[in-house]
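Residue numbers (our numbering), protein chains in the order written: chain Z, 14 to 382; chain E, 14 to 382.
The set of hints was computed from the structure by calculation and includes no laboratory data. Among the hints, erroneous ones may be present.
[Said to hold, decoys possible] Computed footprint of chain E on chain Z; a stretch qualifies when at least three of its residues, placed anywhere within it, have a C-beta under 8 Å from a C-beta of chain E: (1) 22-30; (2) 148-157; (3) 240-254.
[What the hints assert, rightly or not] Below 27 Å or equal to it, Euclidean Cα-Cα: the simulated BS3-like pairs (lysine-lysine) are: (4) K335(Z) with K88(E); (5) K335(Z) with K146(E); (6) K56(E) with K136(Z); (7) K95(E) with K26(E); (8) K95(Z) with K120(Z); (9) K254(E) with K335(Z); (10) K56(Z) with K56(E); (11) K335(Z) with K359(E).
For each residue, glycine too, the CB sits at the ideal point set by N, CA and C.
Protein chains: 2
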Amino acid sequence: MAVKYELVKECSKTGARAGRLHTPHGVFDTPIFMPVGTQATVKSISPHELMDMGAGIILSNTYHLFLRPGDDLVKEAGGLHKFMNWDRGILTDSGGFQVFSLGALRKITEEGVTFRSHIDGSKQFLSPEVATKVQMNLGADIIMAFDECVPYPADHDYARKSTERTTRWAKRCKDTLTRQDQALFGIVQGGMHKDLRTMSVRDLVELDFPGYAVGGLSVGEPKDLMYEILEYTVCQLPKDKPRYLMGVGTPDCLVEGVMHGIDMFDCVFPTRVARNGTAMTWKGRLVAKNAEYARDFRPIDSDCGCYACQNFSRAYIRHLLKTDEIFGLRLMTIHNLYFLLDFMRKMRQAIIEEHFPEFRSEFLANYQR
Amino acid sequence: MAVKYELVKECSKTGARAGRLHTPHGVFDTPIFMPVGTQATVKSISPHELMDMGAGIILSNTYHLFLRPGDDLVKEAGGLHKFMNWDRGILTDSGGFQVFSLGALRKITEEGVTFRSHIDGSKQFLSPEVATKVQMNLGADIIMAFDECVPYPADHDYARKSTERTTRWAKRCKDTLTRQDQALFGIVQGGMHKDLRTMSVRDLVELDFPGYAVGGLSVGEPKDLMYEILEYTVCQLPKDKPRYLMGVGTPDCLVEGVMHGIDMFDCVFPTRVARNGTAMTWKGRLVAKNAEYARDFRPIDSDCGCYACQNFSRAYIRHLLKTDEIFGLRLMTIHNLYFLLDFMRKMRQAIIEEHFPEFRSEFLANYQR
């Protein structure tokens, strides 16, 4: 099996757990946040900067790489790790989320999805088989089954049909995968319907994947509902496999996800808001462009160990952002990713030291959303 | 005196010379190329990346910093070195070149130049006194006299009046400067008129500056004429002072400038063309976006020691450029600056080893403009 989950410690009062994931490109501690490198690059920063901040695994997007530069080219380069010079873990999504998001530009059948490229309008096709083959060419350590992320809201009938198809597609992905060095994760769907979540978990677990993602959350539903469905779903998943909550990356959601037993997260949130000039801190967001920081010569966060905070002031970073200088985006991106990776490390430490519930309460009390 | 030029070796067959410039922020070897960091940042890259590639001194622009974030703010930050976290040499220009370039937006009197900010249209004023005080606030190791760069073409009468005013202004700059840790360079003007160049050199040398720049070249004149005026001018400058050719940075111009005895150069060329996707090599330009490099898994230059060439392929960099990824601009910028800094180091070595003329011939024979 390409990846192996090692359980290190369970929280005695919540579902939180600390572990380790063994992959063909190294072992990383969980719970972990995966920075998003959509187009084979985490926007604005280098793989060495990612290593310096302690990133163990990143996510890259199949949809984008399939269209540009093409998975055949990446394969010819020796795979995604070699192409982008990143020797640690990589997870690729299946492209399903992106093609379903294309709305009028795509047509779904049992076979797969025909769609128009957002780049040049060309006709393209992705299916469980194609998405898996593309991901085999890319060569990530963890690849994802081709699924439909059930939109919110979705009635029971739609959600059931979609979820059943996602399971059939997951089986076809599994049957397509031939590489022994790649782990295919199944994705639990079911919308906000608990019986369908149970059905989805049961059917996927029967197919025996090396890991499971919880999909279809953080898609517009109220947070309370999200946490309810998450808790309901996660506790049915096997304990000996890694659990991945897709597309979630705000600190409050991360702490709740960890509490319910999630091991892996990804989200464009930290890198996207960084480029908009918003820094993440333990107390909430800091809008670095604000006039109040013009002559503030302290770092973004005096307690932060990141390259930006160790070397540059709020005043300098604000100047860079106000003058549209790329280095400003870099520093903000480095800070936000470091913050989140550090946040995950501290949560893990709290789990191991048996005070995760206190850590969570204290964090939520100080954090302004 | 804030800076001291040390002559290490003179070429016996040309005007080329190898030296060292001692500044309050370190000693650097000459001839040297100064990367341009217009807004207190060399576009897209970090001060640590500049150090890694061996940059000893950078240039920053007074006009831009005067308007944003303001020289008073930079002073409050502890000066430009501290503001941008760069502990090696800095040279600031006077802002003269930029305000004169504003055309209809500026008005010149003997006192100085009134102009409209290109950012918000606000009315601003720069003069020899103001430009010097601004540069004192910025705190660069080398600061430049406020001058008019005589445009090309300019008749003898215009060039004479302008050059005489530049000399009067240079005196006022000198009288304004009170910081002992800053060296003020005079700027030789005179257009393409040899008698005016002689006059300018004579009058400035009489004021006894710690270094001299040759201005008003590479402003649209034919290259042969530029080299002719350059040679004519440089050989009149004192040997014990550093000589700086402003705004020149293509490899063929650099080798000719060095041959005529120039020690310092600056230009936005390497960084600007990098961001347009053009890499500089010993054989000429390489347009990295070209389709022929799509599956070219070699580095930009196999013999290059830069971070980009040591870690990434043409195919990857092309992918980044085609998808508008910032990391592509960074890698191109790093490569081009490394190339030019390395080019200068190799020229210096050739001077010391007494084969500069051979180096020059060989370079020009292989280099496609």
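Straight-line Cα separation of K95(E) and K26(E) no greater than 27 Å?
With Cα atoms ~43 Å apart, K95(E) and K26(E) exceed 27 Å; violated.
For the pair supplied as a hint, K95(Z) and K120(Z), confirm whether the alpha-carbon distance does not exceed 27 Å.
The given pair, whose Cα atoms are some 34 Å apart, is violated under the 27 Å limit.
Between the alpha carbons of K335(Z) and K359(E), is the straight-line distance 27 Å or under?
violated, 39 Å
Does K335(Z) lie within 27 Å of K254(E) when you go C-alpha to C-alpha?
violated, 39 Å
Closer than 8 Å Cβ to Cβ for three or more residues is the test here. Does the stretch 148-157 of chain Z pass it with chain E?
violated (count 0)
Examine the stretch 240-254 of chain Z: at least three residues should have C-beta closer than 8 Å to a C-beta of chain E.
Three-residue rule not met by the stretch 240-254 of chain Z, so violated; n is 0.
Under a C-beta cut-off of less than 8 Å, do 3 or more residues of the stretch 22-30 of chain Z approach chain E closely enough to confirm the stated coverage?
violated (count 0)
Would you check the hint for K56(E) and K136(Z), treating anything up to 27 Å between C-alpha atoms as holding?
Violated. K56(E) to K136(Z) sits at ~38 Å, over the 27 Å cutoff.
Is the hinted pair K335(Z) and K146(E) satisfied, with a Cα-Cα distance of at most 27 Å?
Since the Cα atoms of K335(Z) and K146(E) sit roughly 24 Å apart, the hinted pair holds (cutoff 27 Å).
Pairwise hint evaluation, K56(E) against K56(Z), where the allowed Cα distance is 27 Å at most:
With Cα atoms ~16 Å apart, K56(Z) and K56(E) stay inside 27 Å; holds.
Has the given pair, K335(Z) with K88(E), been kept, meaning a C-alpha gap of at most 27 Å?
holds, 19 Å
Figure legend: structure checked against the earlier numbered hints; hints not met, in rising order: 1, 2, 3, 6, 7, 8, 9 and 11.
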